[in-house]
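*Asks:* Line by line, the protein sequences give chains A and B. Numbering follows our numbering, in which position 129 of the first sequence is assigned residue number 129; successive positions increment by one, without gaps. Converting from the second sequence to our numbering requires adding 1000 to each position, the first position being numbered 1.
Per the computed footprint, the stretches of chain A lying under chain B, defined by three or more beta-carbons under 8 Å from a beta-carbon of chain B, are: (1) 80–86; (2) 90–99; (3) 243–255.
Source of the hints: derived by calculation from the structure; they are not laboratory data. Note that this is a predicted model, so its numbers are computed, not measured. Where is the CB? At the ideal position from N, CA and C, for every residue including glycine.
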Amino acid sequence: MKELRHYTRYPGNLAFLFATPLMFTFMLSSMGSFVGGPNASQFFFQRTGTTNFFVYQILGSAIWIMTWVVIEDLGSALRNEQIKGTLEQNFLAPINRFLLLVGVALAHIVISALIFLGVIFGTVLVLEPSSLTRLLIAMLTLILGLIPMFGIASVFSGLVIRFKEPYAFTQMVNMIFAIVAGTYYPVSVLPSWVQVVSRSIPQTYVIEDMRLIILFNKSLVDLYGHFIVLGAMAVAYPLLGYYFFKRFERRASVTGDLSKF
Amino acid sequence: MQSLSKVFETKEGRIFNRVAKSITAVDGVSFTVSEGEILGLLGPNGAGKTTMIKMLCTLIQPTAGDGFVNGFSVVKKPEKVRENLGVMLTGERTLYWKLTGKENLEYFAALYHMDRKESAKRIEYLLDLVGLKDRADTFVENYSTGMRIRLSFVKALLHNAPVLLLDEPTLGLDPQSSRLIREIILELKKKGHAILLTTHYMEEADQLSDSVAIIDRGKIIAMAAPSALKQSVKSSDIVEIEARNIQPEIVERLKTFTDVLDAVALVNDSAAHSGVIKIHADKGKEVLPSILQALVRRDIGITKVSFVEPTLEDVFIELTGRGLRD
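If we strip away everything but chain A, and leave its shape as in the complex, we get:
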């Protein structure tokens, strides 16, 4: 509730998050048309299997922004509390400190899900009206993919308490994710060693599967392999996040870092 209140009291930020996926997609669309010329659509079809450039890109854009919100906001949540001076107040309460982070995460996941729903549903309803049902099915991929993203964000949350540079870390990570997760192109165009990294990021599977379901009419059964991988990530990454968070939290309580900013 506190996080939601903060978001609504900074409406400019919310508007920016809604507009960003659309702005990036328009920008890429224009670049693609410029570079590809009159055959741009044909080239795009050859590489992706679809001519629906806008939906293809908006799916990547929206997932990237969602991940950005979860990782940046959650990764810097505790740091922001440190700067405000409220981190210690929160840590004085008789609650599990990791659960405090979970609470913040849930608020940001709700916010980013609203962004996704607003942008994606709006776009798909206009450009691919027949795929609305498929979109609803594809949401399952998204929900499963959010759990490991929370785990990754928890690692950063701990790191920023230690190193006190949240935006440097989270921005770098978000840009790397945008490149390797196939946000605006299929992962197959990347070098094979980069694809190994791509396949360790949950976002890659979410973007790929949503495109396969909405644009290529694949079913959840067709993608069961990806679901197994996402399921394993949904277990492993939060555990990793918990480990790192507790480790850095313990260090902060030894060094007195909780109040420093």
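Using the hints provided, position chain B relative to the given structure of chain A.
*Replies:* Frame of chain A, contents of chain B only:
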């Protein structure tokens, strides 16, 4: 607290030439605060008061020793300790400025697992207690400093914990608000709360505390009731000389005089170097003429001379040779 210590390990120096350094913030401190008692921790800035409070409220891990809050160990059972503690940390930055006063308290009440109806009543009562009822729905960013500090104070009282840790509760408050806070603290004591209070205002420690622990450089150097502490310096005369153009060298010179036990300059206007020179002497009336002569020779402008009753600051001066504000 039982022999509680805290050593901070830091590194200083340039990026490829950093040297490890240890800073002992708290050194083997022990004390007990019972139900219905107030213990004041009095000491200058940097003495270790806040570090002690933070160890007791589980924000910092002790290096050695342990602390117990209502029987729970801060090292082994930190969550139980936090259930039994109400804590006010220094400063106005402990609140969410984009929430209202009431929303802040609602948020923290939820963190303490308080029932909604119960917390609503409690919040209304507490806001009224400190005169913030009419401003409950105003964003904290629009509060004055005094209002934020009062809100921070009642935040510590939300869940009615048996033990209260109050770190400089009146710092930054006007005299009227300070008086209000002190009255509330005395009421809480009567209701049976055990209260540990840190302050560098000796008048506050004197007025509120059943016992005062004087802290310097991480150690408790004296602990007793305020009257007993002041009695310990009553054997000497305390001369207060209000003056302008106070020079540090003259204070050192005064310490060499026969019968002068100690001297300290408390400068409150650094531009004019004016303030008070406090002198502890065995036979104050006999040594006073030579003291005044020495001051006049150095062009120190004397405005008032008086013999005063000892205060807790004088206890500190006697024990450390420095003032509380040094």
